[in-house]
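Here are the chains, one letter per residue:
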Amino acid sequence: MMNNQGRPSSAGGTEPHKLQTISGDRGLDHEEGLIFELGRPGMTGVDIPEVQLSETRLAGVRRRSPIGLPGLSEPEVIRHYVRLSRMNYAIDAGIYPLGSCTMKHNPRLNEKMARLPGFGDVHPLQPQQTVQGALELISQLMRWLTTLTGMPAVAMSPKAGAHGELCGLLTIRAALEARGEKRPRVLVPSSAHGTNPATAAFAGFTVDEVPAKDDGHVDADALEAKLGPDVAAIMLTNPNTCGLFERRIREIADAVHKVGAYFYCDGANFNAIAGRVRPGDLGVDAMHINLHKTFSTPHGGGGPGAGPVVLSAALAPFAPLPLLVHDAKGFRFVEDRAAAPEGAKPFGRLCAFHGQMGMFVRALAYMLSHGADGVRQASEDAVLSANYILASLSDVMSAPFGGPCMHEALFDDSFLEGTGVTTLDFAKAMIDEGFHPMTMYFPLVVHGAMLIEPTESESKESLDQFIHVLREMAKEAKAGKRERFEGAPHLAPRRRLDETAAARKPILRWKSKDLPQAAE
Amino acid sequence: MSETRFTDQHEWVRIDGDEATVGITKYAAEQLGDVVFVELPEKGRKVGTGGEAAVVESVKAASEVYAPVAGEITGSNDALAADPAKVNADPEGEGWFFKLKIADKGELGKLMSEAQYAEFVKGL
Amino acid sequence: MRYHPLTPDDRAAMLGKIGARDIDALFRDVPKEAVVGRSAFDLPDHQGELEVERALSRIAAKNVSAGSVPFFCGAGAYRHHVPAAVDHLIQRSEFLTSYTPYQPEIAQGTLQYLFEFQTQVALLTGMEVANASLYDGSTGTAEAVQMAQRLTRRPKAILSGRLHPHYAETVETVASLSGHVVRLPTLPELVEDLAAQIDNETACVVVQNPDVLGLVRDLRPIAEAAHAKGALLIAVVTEAVSLGLLESPGAMGADIVAAEGQSIGNGLNFGGPYVGLFATREKFLRQMPGRLCGETTDADGKRGFVLTLSTREQHIRREKATSNICTNSGLCCLAFTIHLSLLGEEGFTRLARANHARAVALADKLARVHGVSVVTPAFFNEFTLKLPKPAAEVVDALAAKGILGGVPASRLLPHQSDVRNLLVVAATETVTDEDCDAYVKALAEIVR
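First to last, the sequence lines map onto chains B, E and U. For the first sequence, position 58 (counting from the first letter as 1) is numbered 58 according to this note's numbering, and the numbering increases by one without interruption. For the second sequence, position 115 (counting from the first letter as 1) is numbered 115 according to this note's numbering, and the numbering increases by one without interruption. For the third sequence, position 232 (counting from the first letter as 1) is numbered 232 according to this note's numbering, and the numbering increases by one without interruption.
Watch out, some of these pointers could steer you wrong.
Derived pair list, reagent style DSSO-like, types lysine-lysine, alpha-carbon separation capped at 30 angstroms [unchecked claim]:
1. B:Lys-112 x B:Lys-182
2. U:Lys-229 x E:Lys-46
3. E:Lys-105 x B:Lys-505
4. E:Lys-101 x U:Lys-320
5. E:Lys-26 x E:Lys-46
6. U:Lys-283 x E:Lys-46
7. E:Lys-60 x E:Lys-43
8. B:Lys-258 x B:Lys-182
9. E:Lys-86 x U:Lys-229
10. B:Lys-505 x U:Lys-320
11. B:Lys-213 x E:Lys-99
12. E:Lys-99 x U:Lys-283
13. E:Lys-26 x E:Lys-43
14. U:Lys-17 x B:Lys-460
15. B:Lys-213 x U:Lys-283
16. E:Lys-26 x U:Lys-17
17. E:Lys-60 x U:Lys-283
Far from chain U, by Cβ distances over 12 angstroms, these chain B residues were calculated [stated by the list, open to error]:
18. Gly-180
19. Asp-230
20. Gly-300
21. Ser-398
If you are wondering where the hints come from, they were derived from the structure by calculation, not from laboratory data. Just so it is clear, CB atoms sit at the ideal spot from N, CA and C, and this is done for glycine as well.
Using the sequences and the hints, build the whole thing.
In structure tokens, the structure reads:
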């Protein structure tokens with residue numbers, strides 16, 4: 001009997017871009033509405049038994065009107081968020097060369113460790129004798145951070161880098177007050193990340209800007225000329241935001257200390273030097289470490305982060321509450337100023353509870369996995385990869401400062417002059433090529449900045465592919481071939497979005513015509 | 001007869017007797033990009049020469065607008081609240097920011113004429 | 001090493017292309033004296049997953065996890081059941097390993113869930129607009145106070161004595177830079193005491209509801225007292241699930257709401273990471289700190305979402321920013337949004353009712369223990385017991401019997417002698433009848 005189950009098996013068919021689908025979706029790419037547009041009243045994805053509130057002790061403030069939340073079953077919720085996820089680029093999917101962000105690989109072991117019930121299911125205010133493991137973990141992480149940085153102390157509670165900057169400046173303020181001094185000025189380079197001057201202003205200081213020199217380094221002479229008895233601190237990033245190690249850093253630190261001021265270091269770029277250089281040896285008084293950058297805790301689409309701050313001997317006494325103490329009785333947090341150990345004068349509390357424990361577990365897992373040798377190797381590979389990119393692209397793109405660079409390579413837009421293609425167009429065209437764009441328009445000290453940080457997580461094949469594509473793009477732009485740049489991206493889930501309209505007429509929430517509105 | 005003068009911070013001042021109308025120049029508006037919001041001073045506020053009087057925002061930038069001469073604010077352009085795009089469409093006309101009563105007319109001499117401002121912009 | 005893809009051959013080839021002799025040549029800007037070798041670090045070498053797991057598991061085992069015993073701790077962090085789907089979804093690569101959505105064309109996943117989150121927070125709090133989250137409830141409260149100081153141009157913030165002490169201390173640290181803070185004592189506190197403090201220098205009054213001892217109150221009288229003097233009411237909520245049963249702070253007259261979202265979608269995690277919910281009136285929008293996600297259209301006319309009103313933020317405004325914050329709680333927001341989407345109106349309000357019913361049943365049982373009284377007449381899922389001896393001792397004794405019986409008020413207020421015998425007890429839907437019976441039995445023995 002002839003088997004009649006055969007079917008065509010060779011390629012061919014309609015051209016994809018000519019095909020208009022009926023659904024509006026295209027293959028694996030689905031459009032997805034808002035959860036509020038998908039729900040139905042009475043539906044739920046969680047089965048909770050109903051209770052009768054036979055008695056109510058609610059002071060007469062029981063809610064009287066519906067909240068207005070949509071109801072969906074579990075399959076609908078999962079499908080909704082899976083579809084949303086597929087509209088996101090991620091480091092797991094491709095190179096993420098964002099300068100100053102250190103988008104390195106997020107090890108999955110770290111996720112598993114953070115979810116151990118002994119870490120994830122522990123309350124911050126349980127009796128301290130029932131959380132000795134948590135306190136021991138924090139203590140171990142503190143030891144790694146202080147050893148790697150060569151500093152005697154670390155404040156663990158800041159919830160992010162900017163929060164760490166605030167912590168650093170508040171310890172500086174407290175140290176000055178303890179000396180009976182009030183110094184209003186903080187010096188910040190013009191190349192600094194916006195959080196630096198914002199934090200200084202927030203902490204009650206006036207910001208005095210220090211210019212950069214033409215070689216991308218901070219103008220150390222200008223900085224030293226601005227020093228005086230009214231300067232509380234300088235805030236420097238090292239390596240700096242142009243990707244360069246500040247050669248005169250020791251000299252600057254000495255000059256700062258000579259006038260009785262303090263040296264705050266923004267540790268965002270620690271990935272370039274971890275395991276090779278200790279900020280403590282450079283004269284740093286306080287430095288925040290971005291655990292979500294250098295120590296691989298995931299960026300999670302914008303957070304959460306963690307920004308512990310290492311402190312010099314001069315600033316250590318002023319570290320905020322809580323203070324971790326280890327003695328014959330075991331580990332405990334001191335949460336009350338009056339109970340602080342001898343010599344400790346904490347400036348107060350920065351936030352509730354103890355800090356970002358979930359990120360501590362992940363960071364320690366990273367450190368134990370890497371070891372000091374692996375941390376050093378990571379820095380070397382990060383610096384090597386950035387220099388490889390710099391050397392491979394300098395002839396077709398324009399690098400304002402000669403090499404070598406540290407862990408990030410800075411280009412400006414002079415190679416695009418006269419082409420009609422801007423840094424923005426160039427970056428958006430990278431999206432069509434399957435890359436996340438590099439950091440654009442930062443630092444502010446060069447025109448049309450493009451800051452590329454590959455990290456140590458890219459294979460040479462990945463770097464070569466990236467280099468090859470950028471070379472070709474640069475050549476095309478210079479040859480006047482603007483097609484791929486104009487109006488890019490063309491192939492992403494969305495084309496360029498109207499940010500002007502979003503700012504002029506902000507729509508910041510969904511509003512229903514039928515369901516109850518928010519109370520006035 | 002009204003006269004218009006310019007500052008090196010890219011503001012224009014139109015003088016009508018004791019009153020001055022202030023806005024930002026076409027060049028400034030172009031540099032900013034699409035204006036999305038303008039923060040204007042309240043009536044009665046006194047501003048010094050070069051003092052911060054208003055803030056103009058685009059999507060990616062915010063700029064202070066300074067008082068070209070000292071005086072007391074007599075009014076501001078409420079139409080910009082609903083339609084900040086006027087600043088881009090007609091920066092030197094309908095996109096005006098605020099009016100003030102001039103404290104010292106002698107200060108006007110320090111400002112640039114239209115021709116001087118045009119030269120100044122060319123050199124940027 | 002398993003996380004480093006470059007091989008020795010790769011490195012040699014790359015050095016060749018660069019034209020550097022060795023890796024040290026690339027670090028030539030570093031002063032020689034500052035370069036240290038491997039031996040400078042008294043730290044171990046790299047280890048495999050097996051060894052790391054073993055080491056960390058051993059440490060984790062030294063903790064008593066909340067799920068392993070009868071558990072009644074609250075005071076700002078609450079143990080709720082999070083459906084398995086939540087943790088599964090937040091671990092998707094595209095959510096876990098993506099960055100802040102600065103390139104919106106390839107971040108619509110993140111942006112759309114932030115828009116959903118902002119809507120959910122506005123609905124729960126009864127306010128007009130919410131941001132894309134701050135670090136947590138305590139720093140959010142501090143930001144709210146500073147926002148009120150900017151809006152009213154007044155320096156004074158009055159903090160209810162029933163505000164979580166950690167929150168009050170956080171506010172003191174920060175708000176004293178921009179004004180001054182008056183902190184009322186915890187006991188007693190009547191609305192009239194609070195109202196009496198409000199004057200023409202007052203920017204805001206900060207009230208927590210339910211408060212740190214669990215008490216539920218109507219905020220309308222204090223809202224009126226504040227508004228009468230031109231001050232703002234900041235309402236703080238540390239147990240987000242309470243918003244499923246209680247009137248919203250917005251409906252009761254709050255001008256700014258700073259809340260802790262941990263209860264929804266996020267585990268206890270020994271205190272962090274958590275998620276700060278922040279909502280306010282539309283007219284105060286430009287003074288609101290934090291990220292904001294807004295709706296717009298793309299070049300093809302399709303609806304899309306972008307971060308917006310960024311000119312309030314540090315990367316543009318630098319020293320004139322509304323805050324120095326540069327992050328939100330991204331993944332914690334996502335967990336919150338997914339959990340709330342799974343619950344929906346029906347599930348969330350049921351969950352809230354279940355919490356209240358459980359707490360009421362436990363309170364009634366505990367009140368029958370000789371020498372113990374419940375001093376909270378109205379509460380959501382947390383109430384305070386007055387014991388015949390110091391609560392800290394009782395909690396330690398309960399722990400020795402394998403019960404985590406709550407948070408002694410003295411842990412939060414070590415210098416207020418009038419709270420020494422007070423124990424704050426929480427009972428969520430995760431507490432069983434057996435847990436309650438064990439607690440009652442143990443407590444009776446301890447206070448005998």
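Evaluated hints:
1. With a C-alpha separation of about 48 angstroms, the suggested pairing of Lys-112 of chain B with Lys-182 of chain B is violated against the 30 angstroms cut-off.
2. Between the alpha carbons of Lys-229 of chain U and Lys-46 of chain E the distance comes to roughly 27 angstroms, so the proposed pair stays at or under 30 angstroms and holds.
3. Simply put, Lys-105 of chain E and Lys-505 of chain B have alpha-carbon atoms about 40 angstroms apart, too far for the 30 angstroms limit, and the pair is violated.
4. Our distance criterion of 30 angstroms between C-alpha atoms is met by Lys-101 of chain E and Lys-320 of chain U, whose separation comes to about 28 angstroms.
5. The hinted pair formed by Lys-26 of chain E and Lys-46 of chain E meets the criterion: a straight-line CA distance of about 26 angstroms does not exceed 30 angstroms.
6. Between the alpha carbons of Lys-283 of chain U and Lys-46 of chain E the distance comes to roughly 25 angstroms, so the proposed pair stays at or under 30 angstroms and holds.
7. The suggested pairing of Lys-60 of chain E with Lys-43 of chain E holds, with an alpha-carbon distance near 29 angstroms, which does not exceed 30 angstroms.
8. Distance hint between Lys-258 of chain B and Lys-182 of chain B is fulfilled; the C-alpha atoms sit about 17 angstroms from each other, no more than 30 angstroms.
9. A C-alpha spacing of about 38 angstroms is found between Lys-86 of chain E and Lys-229 of chain U, which places the hinted pair above 30 angstroms, so the restraint is violated.
10. Annotation: proposed proximity of Lys-505 of chain B to Lys-320 of chain U holds, straight-line Cα distance about 23 angstroms (limit 30 angstroms).
11. Of the pairs offered as hints, the one joining Lys-213 of chain B and Lys-99 of chain E is violated, with about 41 angstroms between alpha carbons and a cut-off of 30 angstroms exceeded.
12. Proximity of Lys-99 of chain E to Lys-283 of chain U is assessed by CA-CA distance (about 25 angstroms); at most 30 angstroms being required, the pair is judged to hold.
13. Restraint check for Lys-26 of chain E and Lys-43 of chain E: satisfied, since their Cα atoms lie roughly 26 angstroms apart, inside the 30 angstroms limit.
14. At most 30 angstroms may separate the alpha-carbon atoms for a hinted pair to count; Lys-17 of chain U and Lys-460 of chain B meet this at roughly 12 angstroms.
15. Distance check on the hinted pair: Lys-213 of chain B and Lys-283 of chain U sit about 44 angstroms apart at the alpha-carbon level, beyond 30 angstroms; violated.
16. The hinted pair formed by Lys-26 of chain E and Lys-17 of chain U fails the criterion: a straight-line CA distance of about 48 angstroms is larger than 30 angstroms.
17. In summary, the hint linking Lys-60 of chain E to Lys-283 of chain U is supported, as the alpha carbons are separated by about 22 angstroms, within the 30 angstroms threshold.
18. No Cβ of chain U comes within 12 angstroms of the Cβ of Gly-180 of chain B; the nearest lies about 18 angstroms off, and the non-interface call holds.
19. No beta-carbon of chain U is positioned within 12 angstroms of the beta-carbon of Asp-230 of chain B; the least distance is around 17 angstroms.
20. A beta-carbon of chain U comes within 12 angstroms of the beta-carbon of Gly-300 of chain B; the shortest separation is about 3 angstroms.
21. For Ser-398 of chain B, the shortest C-beta to C-beta distance to chain U comes to about 18 angstroms, beyond the 12 angstroms cut-off, and the non-interface label holds.
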